[in-house]
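2 protein chains.
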Amino acid sequence: MSDHSGTVTAPGSDAVKTQSPGGSSLEDLCINAVRVLSMDAVQKADSGHPGTPMALAPLAYLLWTRHLRYNPADPQWVNRDRFVLSAGHASMLLYSVLYLTGYDLSLDDLKQFRQWESKTPGHPEYDYTPGVETTTGPLGQGMGNAVGMAVAEAHMAATFNREQKIFDHFTWFIASDGDIMEGVSHESASFAGHLKLGRLIGFYDDNHITIEGDTALTFSDDSAARFTAYGWHVQNVPDINDLDAVEKAIENAKAETSRPSLIIVRSHIGYGSPHKLDTAEAHGSPLGAEEITLTKEALGYPSQEPFYVAPEALKYWRDAAAARAKAQKDWGKLYAKWKGANAGLAAELERRLRGDLPADWEAAIPVFTAKDGNVASRAASGIVINALAAKLPELMGGSADLASSTNTLMKGVPSFSSEDYAGRNFHFGIREHGMGSVMNGMALHGGIIPYGATFLIFSDYMRPPIRLASFMKRQVIYVFTHDSIGLGEDGPTHQPIEQLSALRAIPGITVIRPADASETAEAWRVALSHRDGPVALVLTRQKLSFVDRSQYGSAGGTARGAYVLADAKDGDPQVVLMSSGSEVSLILEAQKKLEAAGVRARAVSMPSHELFARQDEEYRDTVLPRGVRRISIEAAHPMSWYQWVGSDGVVLGIERFGSSAPAARLFTELGITVDRLVETATKLAGKK
Amino acid sequence: MSDHSGTVTAPGSDAVKTQSPGGSSLEDLCINAVRVLSMDAVQKADSGHPGTPMALAPLAYLLWTRHLRYNPADPQWVNRDRFVLSAGHASMLLYSVLYLTGYDLSLDDLKQFRQWESKTPGHPEYDYTPGVETTTGPLGQGMGNAVGMAVAEAHMAATFNREQKIFDHFTWFIASDGDIMEGVSHESASFAGHLKLGRLIGFYDDNHITIEGDTALTFSDDSAARFTAYGWHVQNVPDINDLDAVEKAIENAKAETSRPSLIIVRSHIGYGSPHKLDTAEAHGSPLGAEEITLTKEALGYPSQEPFYVAPEALKYWRDAAAARAKAQKDWGKLYAKWKGANAGLAAELERRLRGDLPADWEAAIPVFTAKDGNVASRAASGIVINALAAKLPELMGGSADLASSTNTLMKGVPSFSSEDYAGRNFHFGIREHGMGSVMNGMALHGGIIPYGATFLIFSDYMRPPIRLASFMKRQVIYVFTHDSIGLGEDGPTHQPIEQLSALRAIPGITVIRPADASETAEAWRVALSHRDGPVALVLTRQKLSFVDRSQYGSAGGTARGAYVLADAKDGDPQVVLMSSGSEVSLILEAQKKLEAAGVRARAVSMPSHELFARQDEEYRDTVLPRGVRRISIEAAHPMSWYQWVGSDGVVLGIERFGSSAPAARLFTELGITVDRLVETATKLAGKK
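So the sequences go chain by chain: A and B.
So in the numbering used here, spot 192 of the first sequence is number 192, and the numbers just go up one at a time.
So in the numbering used here, spot 3 of the second sequence is number 3, and the numbers just go up one at a time.
If we strip away everything but chain A, and leave its shape as in the complex, we get:
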């Protein structure tokens, strides 16, 4: 593979002998401590993945004692190096190192590996264990997160660095065979290569083993050539236990700042284990007490006591961490100097890092009036983005090659590119999954509110990172347009049906489907204010009728998830009509017709099920009075509405795929019509 490698330490070959596992130098003790803690913790939990931490221990040792800039006492230091264990199943590698370097993670915590509410869950969880930068486990996601963090670093550096480089950290990741095989690795690596993210350094743990056996069963890629094709700087290290070779490769990677680096390290799963070395068995099961004894013997480990770490090894790790932490002190001085020279900029940075929005940002949110006419919600969203662009420099994003269709371009703002990392318009390429995982990394880094756009149908391509944004409670904004059969002629492959329900089912997400331009502005207000989780804005391709708020309920109700738009004129409503988005105009029209026919109907706009569910019962009862029958209508699968409509109401939706035809025809053919609403409501009211 050497022809693909910028700087190769030695030709890669399976034939290269690994060093004998035994050793009693201080270095061996330090490295073997990671192996021992990992296998002991997995054994105690009777569950987990010991083999990879054992294999990667030398790499972790080098990174945390010599290369990473971090401070265990301040895991939030903004210019720390970011480390992402994309191979999240190797969590004990990370936990071991976090303990050894002195993060707030004790030996007792390691002993509680994989137990209820312990600080050491099966896979690393962000905001839960100090020193864990992102939640990993679903393969490929961590690589994308790392790319996003490197994007964020590049942007923050380009924006805030002056004479002093207050942002200049590296982002590191370790990827497994699984990460490398997943499609999202293609999307994020291609994106990173294109952007020439020189401060991104990844390791590919090339251990030749997957769960089903040798990787040769299913994998023949020349990964070095593949990443070279993406524009990465690629090196091969034939033996991870050859510390000098690994060290040299890391130095090379740090020196190469014009391209991302991948270091392919040949490792041996279960290293040290006499019987499980290089076997799939070592991947996902405890080694067993007997094998652990033999392994400790083979490693020349000084004690058989579970979780034993030699005091001199612990001291070495802690001293090394203290030395690494000095970087923060030096940086602190640099930062003070920078702040002294750039007071306004510093105030701005500190605001962004706190996650505060500018005091008067809401004044910039546009107010839509009758003069604006009928506006598609995607277009209204574009107007809001542009109105806020100057006010909110932390807002940055783009689309998966649908800028003009999703109306997500900030006009007059430069594009983020390898020539201009200060740019804020992103061109994610036709890479929805990568976009999602990169946005997570950007949001995790701090200082940035990322948004990403595609058609709602393609939210299916990016569900894994949407789920992780929800789980990590990160502020990521999705702009999903072309949200129903209303997109028309592109047909069933592009018409979302089940996507709305499928998104609403994700715990922690907030989905908002505004009914007109005014609700769209309010949806953006919610999305930008909502710091602790992702918000999906679901927007139309087609124009929406302007709702005159002097006659109808205020769009401010959007923030409460549902509100009364129009009420029965004389007395309590006999029926409640509920809807979201483009179908709200149908319930308004139906309400009028029903009133004319003597049926007292209330029209409720319900742009967000999640926001409504978060209101107190009293408010909910005022919007949806108990005992009044309800009808919902949405041009989507009905599943998510049954909870709100109840069994004595009627849920109108679409339980089939769409069709290729002009939109108006589709609404008629698929029964999303005023007539059907009127007919259904009349029946319901009559029965009452």
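Read the hints as simulated data drawn from the structure, not as lab findings.
Honestly, I wouldn't trust all of these hints.
A pair counts as met if it fits within one copy or between any two copies, since identical chains are not told apart.
Derived lysine-lysine pairs resembling DSBU-like cross-links, with alpha carbons at most 35 Å apart [stated by the list, open to error]:
#1 Lys339 x Lys326
#2 Lys371 x Lys44
#3 Lys326 x Lys371
#4 Lys543 x Lys473
#5 Lys44 x Lys543
#6 Lys543 x Lys111
#7 Lys44 x Lys411
#8 Lys254 x Lys333
With chain A's structure known, arrange chain B on it following the hints.
Here is chain B on its own, set in the frame of chain A:
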């Protein structure tokens, strides 16, 4: 890029001048007919993508007049070449050619492009337009389908060819920049390269244009190097209008049968259009009447009349198609000879192609008894697969690197590999998305029932192909194991919550979550009998209590989606307890406790919402009697249950992410317990 190319026709370079668009040879007329039909149809529909068909017309001309083996009169001929337009937005390319070659698609059909129920929807739809082999549009899927078709061809050839090669067709695809950027292209191309699928030939339409502008905005891959790294044979053709060069590349690709081939053809979007050539504008909008006039002039087209095709051009296309169709005649003779010599084999093949299962296949389905003890449904599924493996040679599949965890290996059956295409155990690699799209291709090919397995959580990685299997009504079986918090210590990143509801929301899919080994056997019976759509089997990691069917309802009820497992002893039930999968044991236990406490309860096993919804109302009412309050419990997001429980019942589920801990602890902490059921039911019954 020449160093990556096996046989290069000329060095690729953007500087190469394209030929002048004008031309009046018969060849020009034939090629320009495709361009004209495409731009006219898009113009008439006022919607669509004219630019790519115009660019690719020369390639289509060469393929359909000189290379593809097909018969417009018999689009189902089993040994026809398969052609997949992965760039589905260029549908007018395909429709134009299908018309020109004489498929059952008229000029009037082309004029109805993108209209309600026309045969020419916005994107190609399988089983709707003759000659369309798969539904495409969502980018990257078609490439995966093509890989699956090539897999199927290789397998059918290895299984059925004798002295006569009755299977030896090629599979062709055309991919766009978008296909190539999508992650699924990495998964399927890596898989195809590993398998050395030499009869797979793809074209990468390298037009340098995406919706946002020049591909250079976001894309710097050396795609030739990338595909070479996957083990593909790669060629560059610098100008698609250089027919000799394209022809030579195709000949090379056909001759290279030990590797899949990719031909990178530099094309020019909107070719022929004076003002829209090479612009993003030509991609997704009609050219406009004026520009069409100018384009026809520039092309030297003999008429400005919309949809005009010169009679001599149409004759040339039809004659060429007739000549290509002779291949079927020759094949017919070959087949007759083969059949004469291999009567038993022929009967078997014809059975498989008809989609019939062997008459006595169901006798092989195992019956589980108390002696089998408590069995995880994944384990029961593995037993069923193995019991059926010999009986159903068309059943083939595997997992995304989780064979032992998902119990999907057929013991004693060879693996499908480049050394043995007759193998039936698949090693899909850590490529869930690719697995899904490859399975679709296998199912589309005919003769095969594919299954693919992964953890339920990773169904999120493959929703696009699941959706397409549903839309195309193809028999694809998903084996999704580790189906809830019951997987325990791997934690929230691996514990499905919203996945069940999200799958159930897909129109046309059948999701079955069996409660014990017996229901698992019945679920497989349903899955194998269900020819017109995908079935997802949702299975546990943990053991499930054996349900003694002599005391409880028969597992045969599985096929009806829901059935009474245990009924109130004295009189009508006061409350109905409903559940699926691992939580059915909870309702059985609760039912006993309630009976003991004097509450008459019915326990309903509801393994499949979709199957139950397909029953008549009468049956549904016998299972869920009207007026009796219902409680459902499932260790998953509750969304999909509200429809069945109604607003006067109670839905017990999980609306948060899981946690890393032993499974038993999780069920208790998250409230999926018998106690909660008993308490809730007692209240409900009391209120009544």
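Hints and how they fare:
1. Lys339 x Lys326: Only inside one copy: Lys339 and Lys326 sit 20 Å apart there, 80 Å across copies, limit 35 Å.
2. Lys371 x Lys44: Between copies only: 33 Å across chains, 69 Å inside a chain, cut-off 35 Å.
3. Lys326 x Lys371: neither (60 Å within a copy, 66 Å between copies)
4. Lys543 x Lys473: both (33 Å within a copy, 33 Å between copies)
5. Lys44 x Lys543: Classified as between: cross-chain Cα gap 22 Å, same-chain 60 Å, threshold 35 Å.
6. Lys543 x Lys111: Answer is between; shortest inter-copy Cα gap is 27 Å, intra-copy 59 Å.
7. Lys44 x Lys411: between (57 Å within a copy, 33 Å between copies)
8. Lys254 x Lys333: Result: close within a single copy only, 23 Å intra versus 66 Å inter.
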